[in-house]
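Residue numbers (UniProt numbering), protein chains in the order written: chain U, 1 to 237; chain X, 1 to 237; chain W, 1 to 237; chain V, 1 to 237.
For the record, the hints were derived by calculation from the structure and aren't laboratory data.
Treat the hints with care, since some could be wrong.
Pairs involving identical chains hold if they fit within one copy or between any two copies, as the list cannot separate such chains.
[As the list claims (entries may be wrong)] PhoX-like, lysine-lysine: derived pairs with alpha carbons at most 20 Å apart:
1) K221 / K59
2) K19 / K208
3) K221 / K208
4) K208 / K224
5) K42 / K224
6) K59 / K42
Protein chains: 4
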Amino acid sequence: MNVTVWNEFRHEKNDEAVKAVYPSGIHEAIADFLNEAGFATKTATLDEPEHGLTEDVLKQTDVLVWWGHMAHDEVSEEIVSRVHQRVLDGMGLIVLHSGHFSKIFKRLMGTSCDLKWREAGENERLWVVNPGHPIAEGIGETIELEHEEMYGEHFDIPVPDELIFLSWFKGGEVFRSGCVFHRGQGKIFYFRPGHETFPTYYQSDVQKVIINAAHYVAPSKRDKPVYGNAQPKESLS
Amino acid sequence: MNVTVWNEFRHEKNDEAVKAVYPSGIHEAIADFLNEAGFATKTATLDEPEHGLTEDVLKQTDVLVWWGHMAHDEVSEEIVSRVHQRVLDGMGLIVLHSGHFSKIFKRLMGTSCDLKWREAGENERLWVVNPGHPIAEGIGETIELEHEEMYGEHFDIPVPDELIFLSWFKGGEVFRSGCVFHRGQGKIFYFRPGHETFPTYYQSDVQKVIINAAHYVAPSKRDKPVYGNAQPKESLS
Amino acid sequence: MNVTVWNEFRHEKNDEAVKAVYPSGIHEAIADFLNEAGFATKTATLDEPEHGLTEDVLKQTDVLVWWGHMAHDEVSEEIVSRVHQRVLDGMGLIVLHSGHFSKIFKRLMGTSCDLKWREAGENERLWVVNPGHPIAEGIGETIELEHEEMYGEHFDIPVPDELIFLSWFKGGEVFRSGCVFHRGQGKIFYFRPGHETFPTYYQSDVQKVIINAAHYVAPSKRDKPVYGNAQPKESLS
Amino acid sequence: MNVTVWNEFRHEKNDEAVKAVYPSGIHEAIADFLNEAGFATKTATLDEPEHGLTEDVLKQTDVLVWWGHMAHDEVSEEIVSRVHQRVLDGMGLIVLHSGHFSKIFKRLMGTSCDLKWREAGENERLWVVNPGHPIAEGIGETIELEHEEMYGEHFDIPVPDELIFLSWFKGGEVFRSGCVFHRGQGKIFYFRPGHETFPTYYQSDVQKVIINAAHYVAPSKRDKPVYGNAQPKESLS
Numbered sequence: 001m002n003v004t005v006w007n008e009f010r011h012e013k014n015d016e017a018v019k020a021v022y023p024s025g026i027h028e029a030i031a032d033f034l035n036e037a038g039f040a041t042k043t044a045t046l047d048e049p050e051h052g053l054t055e056d057v058l059k060q061t062d063v064l065v066w067w068g069h070m071a072h073d074e075v076s077e078e079i080v081s082r083v084h085q086r087v088l089d090g091m092g093l094i095v096l097h098s099g100h101f102s103k104i105f106k107r108l109m110g111t112s113c114d115l116k117w118r119e120a121g122e123n124e125r126l127w128v129v130n131p132g133h134p135i136a137e138g139i140g141e142t143i144e145l146e147h148e149e150m151y152g153e154h155f156d157i158p159v160p161d162e163l164i165f166l167s168w169f170k171g172g173e174v175f176r177s178g179c180v181f182h183r184g185q186g187k188i189f190y191f192r193p194g195h196e197t198f199p200t201y202y203q204s205d206v207q208k209v210i211i212n213a214a215h216y217v218a219p220s221k222r223d224k225p226v227y228g229n230a231q232p233k234e235s236l237s
Numbered sequence: 001m002n003v004t005v006w007n008e009f010r011h012e013k014n015d016e017a018v019k020a021v022y023p024s025g026i027h028e029a030i031a032d033f034l035n036e037a038g039f040a041t042k043t044a045t046l047d048e049p050e051h052g053l054t055e056d057v058l059k060q061t062d063v064l065v066w067w068g069h070m071a072h073d074e075v076s077e078e079i080v081s082r083v084h085q086r087v088l089d090g091m092g093l094i095v096l097h098s099g100h101f102s103k104i105f106k107r108l109m110g111t112s113c114d115l116k117w118r119e120a121g122e123n124e125r126l127w128v129v130n131p132g133h134p135i136a137e138g139i140g141e142t143i144e145l146e147h148e149e150m151y152g153e154h155f156d157i158p159v160p161d162e163l164i165f166l167s168w169f170k171g172g173e174v175f176r177s178g179c180v181f182h183r184g185q186g187k188i189f190y191f192r193p194g195h196e197t198f199p200t201y202y203q204s205d206v207q208k209v210i211i212n213a214a215h216y217v218a219p220s221k222r223d224k225p226v227y228g229n230a231q232p233k234e235s236l237s
Numbered sequence: 001m002n003v004t005v006w007n008e009f010r011h012e013k014n015d016e017a018v019k020a021v022y023p024s025g026i027h028e029a030i031a032d033f034l035n036e037a038g039f040a041t042k043t044a045t046l047d048e049p050e051h052g053l054t055e056d057v058l059k060q061t062d063v064l065v066w067w068g069h070m071a072h073d074e075v076s077e078e079i080v081s082r083v084h085q086r087v088l089d090g091m092g093l094i095v096l097h098s099g100h101f102s103k104i105f106k107r108l109m110g111t112s113c114d115l116k117w118r119e120a121g122e123n124e125r126l127w128v129v130n131p132g133h134p135i136a137e138g139i140g141e142t143i144e145l146e147h148e149e150m151y152g153e154h155f156d157i158p159v160p161d162e163l164i165f166l167s168w169f170k171g172g173e174v175f176r177s178g179c180v181f182h183r184g185q186g187k188i189f190y191f192r193p194g195h196e197t198f199p200t201y202y203q204s205d206v207q208k209v210i211i212n213a214a215h216y217v218a219p220s221k222r223d224k225p226v227y228g229n230a231q232p233k234e235s236l237s
Numbered sequence: 001m002n003v004t005v006w007n008e009f010r011h012e013k014n015d016e017a018v019k020a021v022y023p024s025g026i027h028e029a030i031a032d033f034l035n036e037a038g039f040a041t042k043t044a045t046l047d048e049p050e051h052g053l054t055e056d057v058l059k060q061t062d063v064l065v066w067w068g069h070m071a072h073d074e075v076s077e078e079i080v081s082r083v084h085q086r087v088l089d090g091m092g093l094i095v096l097h098s099g100h101f102s103k104i105f106k107r108l109m110g111t112s113c114d115l116k117w118r119e120a121g122e123n124e125r126l127w128v129v130n131p132g133h134p135i136a137e138g139i140g141e142t143i144e145l146e147h148e149e150m151y152g153e154h155f156d157i158p159v160p161d162e163l164i165f166l167s168w169f170k171g172g173e174v175f176r177s178g179c180v181f182h183r184g185q186g187k188i189f190y191f192r193p194g195h196e197t198f199p200t201y202y203q204s205d206v207q208k209v210i211i212n213a214a215h216y217v218a219p220s221k222r223d224k225p226v227y228g229n230a231q232p233k234e235s236l237s
C-alpha cells in the first residue's frame, strides 16, 4: 500500500521552536512511523512543483495524509481539484489537525470547518466513543496529550459518518477529534491532534491511530459506479 | 414563515410540452400550494437581476426551494456563495429533482452528485423508510407516480443524516429519494420527484411532502456559534 | 399534546437531602414547567397500580418522560413491554439522567447502556454540537451546571441518530449528553443532566431543552406500517 | 480467524425441496465457501446441546453467522443472552435473511424487525449504495438474483450505522438489504438474501459479500471499556 504524506513544510523552516521539534519537517516524522508500519511511504510538500502532487503521484497513492496551516491559500485550486477527484475515485485521505481549514477538506465537507482554538499548551484527553472501531484498535480508553493546542466545539463539519474520539481540554472545551466521512468512493479520516510546537506525532498511541486509519481509509477494489443515461434492466411495457 | 421558490424557468418558456404542464412555470405551481399551506411565499428566477436572490431577499427567506436543470452553469458563483452562506447561517433549503446537479447542492455536498437517469415516463413508487419522521406525516406507505423520469443509484451524495424515502422504478432501479442533511446551522432536504414534463407537483402527497419539509428545515432560533480564538472557561493552572 | 411524567419517586421519600431539593418529587418539578409550556401534563409513579401506566394512560400519552434510578428492577416486565410497544407505535420518550439504566431504555437500545459515574458535585458544561437542531433552539453555546453527578464515556449505547450535546466534566471526562434515536415509529431523546441531589430541573435552559424535546419527539400522524404477507404491486409475469 | 456458522437446520430435514438445494444444510454450504476463503470455520445447529453454542465455542468464535426461520422460538433465552453478551464484548455477527426475526437480532435491535414478505420466486436486484465500503469490494454495481423471496419496506430496524445494499423486487418493493450496526464492542451485518428454497448461497457474489462481511465485523483488539464508579483524572478543587 502506497501512502503519501503531504506537508506545507513552512513552520519548520521559519520557526526555531518548530524546527526543534520536527527538524526534518512534520511529514518526515509521520512518514517514518508509517514506513516502519509497512506502508510504502513518500512525502510531498507545498513548494515542490505541483506541490509534489502530480497526476502520477496521486495515481500511485492509496492514502494521502495532509498537514497544513499557515499556507492553505497557497495551494492551487487545480491541485485541490485533482486531489478532490482522486478522493471521489477512492483514494483515502487523512486530514490532520490544522488541515481542518485546508481547501481540500473544506471542499469535501461543504461547510466552513471553523472551530474555537487556543494556544495555551494545556493537556488534552481523547476518549474512545466507538470501542469496536478498527481505528481505535490497540488504543486504551484514553489518549493523554500533555500539551496541545485546544480546538473546541462547535466544529462546523457535517455530521461524521463515524465518530471515534472525543477530546476533553483542561480549559473547559470538548471536540469531535476522530471522524470518518465517506465521499464518493473515498474515505476520509479527520484526526485533531498535532500542533507544530508539540511532539505529538512522536507519541506511540497517536502513531497507532494514524496507522490504523491508513488501513481503514484504504481504497476498496471496485469499478467506479456508472453514471448517466441508463437502459432499463427490466421491460418497461 | 417566509418561503422563496427559485426556478431557472427556462423549459417552461422554450418547450411546449413543459409549458402545457406548467404554464406559469414550476415555481408558480409550487408557490401556489405553499401559499395555501400558510407560508408567505415569493418566487425568484434565473433571469431576474441577481437571479432574484438579492441579499435582502435571502435575508428575509426562511426556506429556499430550488428547481433547476438546463441552466445550472448560468447561476453565478457569487450568488451560489451567497446562498451557501445563508444555508450555513440557518436558512432551510429544499432541493428538488434535477437540482441535484445545481452548483449550490454540489457545493454543500462536496461530491459529484451524479446518478443514473432515463426519460421513459415509467412509474415510480416511493416507499417510506422512516415512518416516524415529520416529513412523512400524513403520507401513506407509498407515493405512486404514474409517470416520472428515472433516477438510479449510485447517487453520489454523502451519507444522508436522515433517509426518509426510497424509490422503486419499473425499469429495475432504486434511489434514495428523500434525504435530510445538516450543514452549518442549516438543514437541507433533497426530494427526487418533479420532472418538468410530468404533473408531479400537482399531486397532493408530493405537495404534502414539500410542505412538511418546509416546516422541518425551517431555521432554529439560536445565535450563530462563536468561532476563533477562545479564552479558557476554566483555570489552566 | 399530552405529556406524562413518570418518576420512581423513592429518593424523594427516603432521603432528606433529595426531599429538600424536590419536596413534591422530581416528576412534579418537571410537570410544572411542561404545564407552563402549554402541554397537558400528568404524572405517574412506580408505586401506583400498574406504575400509573395503564393501557388507557399510555394510549392518551403523546410523550412520556422517564426518571428512575434506585428501583429500576421493580418496574414490571409487563409494563416495560407495554411502554416499548407504545414507543414503537409512535409515542415519544424522553429518558432523563439515571434512566439510562431503566429496563425500557435498555430494551430499546439493545446494549448495556453502562457508563462511568462519580458523585462529586463537580461542574458540568454541555456544548451544542448540532447548532441547527430544534432541541437546541434558544440555548446558548453551552449549558453550565454548577454541580452535577459525572457520567463519562464510554457510554454503551448504539450510535445516536442525532447527537446534540456533549458534556465536559471538571474531573476529566466527556459524555454524549443529548441523543436522539428512532425506534419503530417512535422517537427517543436521552438527556443526561438531573441528579436527584441537585436543583438541575429548576434551571431554565435545562427546562428549555426538555420542552424542545417534547415537541421534537411528538408522534407523527401516520397509519402504522403494514407488515406481513404482501401482494405484488406490479405484475410478476 | 474463527467463524462459526449457526443454522436451525430444520427445513433441510423436513422439506424435500429445501433438501434438494442444500442437502447437507445451509450451514454446510456457507461453511464451505468460508473455509475456502481461509477462515477456520465450524458449524453449530439448534438441535445440538446448548444449540452448539457453548461458552467455549462462543469464546473461540470471532464471527458468528446466523440463519434461522421456522424455529426462532425454540432458541433458549439463556443462549440468546450468551450470544448477546459476546456480541457486546466484540464478537462479530452476520445475520442472514429470515434471521431478521431471530431472538438475538431483535434483542440487539430493540425493535420488532418486522417487514413485508412474499414467496413468489421473483427476481431481486441489489444495488450498491456505499461504493467505497469494504463489504462491497469486488462486487459489481448490482447483484442479480433470479429467484428470491421478497422482503419489503418498511423494515422495522433502527437506522443502520452503514447502509450498503438496497434491493429492488419485480413486484414493486424495495428493501435495505445490507446494513451494519455497532452494538457495544461488536459489529453486526444484516444481509437479506438467502431463502431456503433457492440456491442463493452458491452464487459467487453473494459468497463474496459474506466473506467481506466476516472480515469487516471481526473483533477489534482492545480491552473492554471500564464502567462504573470512576476516580477523577483531574483535580476537582
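**Request:** Of all the hints given earlier, name the ones this structure violates by number, lowest first.
**Result:** Numbers 2, 5, in rising order.
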